[in-house]
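Keeping the supplied structure of chain P fixed, place chain V upon it in accordance with the hints.
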Amino acid sequence: MPAMTTAAIHDAVHGIFQSMLGIEPSLHALERADRPLKNAGIAAIVGYAGEHEGTVVFICGRSVATQLAEAMLMEDGLDPDSEEVDDAMGEIANMIAGQLKNLICKGGNEVQLSIPVILREGDYRLHVPEYYERWRLTAFHTNGDPFYVEMVSREPIG
Amino acid sequence: MAINILIVDDSSTMRKIVLRNLKQTGLAVGEVHQAGDGQEALAILADHPVGLILSDWNMPNMDGLGLVQAVRGNPAFAHIRIIMITTEGGDAKVSEALASGANGYVKKPFTAEDLEKQLAPVMA
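Chains P and V, in that order, are what the protein sequence lines are. For what it's worth, the numbering used here labels the leading residue of the first sequence as 1, then goes sequentially. For what it's worth, the numbering used here labels the leading residue of the second sequence as 1, then goes sequentially.
Pairs of lysine to aspartate or glutamate residues, derived as EDC-like cross-links and limited to a Cα-Cα distance of at most 20 Å, are as follows:
id, chain 1, residue 1, chain 2, residue 2
1, V, K16, P, E84
2, V, K107, V, D63
3, P, K38, P, D145
4, V, K16, P, E83
5, V, K16, P, D76
6, V, K23, V, E113
7, V, K16, V, E113
8, V, K23, P, E75
9, V, K16, P, E75
10, V, K107, V, D91
11, V, K16, P, E70
12, P, K38, P, D86
13, V, K16, V, D114
14, V, K117, V, D91
15, V, K16, V, D63
16, V, K16, P, D79
17, V, K16, P, D86
18, V, K107, P, E110
19, V, K107, V, D37
20, V, K16, V, E40
21, V, K107, P, D11
22, V, K23, V, D114
Facing chain P, from chain V, some residues (calculated, C-beta under 8 Å):
id, residue
23, D10
24, S11
25, T13
26, M14
27, R20
28, P60
29, G89
30, G90
31, K108
32, P109
33, F110
34, T111
It should be emphasised that the hints constitute simulated quantities derived from the structure, not laboratory data. Everything numeric in this text was worked out from a predicted model, so none of it was measured. Even glycine gets a Cβ: it sits at the ideal position worked out from N, Cα and C.
With the rest of the complex left out, here is chain V:
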């Protein structure tokens, strides 16, 4: 069954790259939505059903961690899987994201294989 996706990154270049790599993983991709920051993402989630969020960390207005916390704070979004895709590669950052409710973590630069490795357990 196809999954509706929300890609969140302040870089339009990176949003395109994420989508391209996502399609290469073989995941059945339904509707794709894009947002430039966490606030835009929440606005999209209010109106569109989404099953998977792929989010950067460092963004203006609301960053990726803020988005994870906002999504996990809303029971209506409990079903949504969240994978961080970010240059933030430190152990503390990874732990912080996962403890806040992210389901997976991909460090930039990344390949489709890196993304697939994180997706497999998350989407199982």
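Looking at chain P on its own, in the form it has when it is part of the complex:
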């Protein structure tokens, strides 16, 4: 049975949002995605490599990113284009990737995480080799705004 099951991924994402942002997101089913999601605002990317390889991408619009950053920092009125918002997005992606890493390797030394890369809007597509799987978790903020977690992995998911 794959370690990265829907339930395990839901638990990981839910735990991060609940403890670090104080938000109870609505998490939908994990779905296999045939093509990359267009970057609607901000994409925070963390790769992992070693005995397992893959990428985690956290994607959301500018407004949602700002709201999530404000929740993490417990501050209002953040500039949507600020480094603070970028940094918060990177940290969310980092924590999600870290949780997934803990699912697929017990010791910790089998896989190394990259430092987050932040991309704002722009025409990027994350292309992957044929033998990788791309899965997408669609989630909603309590106000109904969506955000997405994309996982690209050689390991089976779901």
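Chain V alone, transformed into the frame defined by chain P:
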């Protein structure tokens, strides 16, 4: 007695969160210093007395393990307590950090209660 703190993380967001949670634990916080990586942290330690380091693992330039090893390699810093706060949650990583001289380990995501549980024995 208030304790001078050094928070080390390449994420400014996480440094703020760590400080916020640290204050919620009730620990008497003195001067607070922040660094974006291990090298910056060592530069701060050279000039400022610190009693507690809260450090991430994965950082550019010098990572958290490198910082722990550098601090423990200097007898002048023997009194400094070090707690790792990191996404690295594997058993091997935890063992490696503690064997290198870290006094405690908190896995991200975390709450103030998680931090307090690690602080209590370390600061006793």
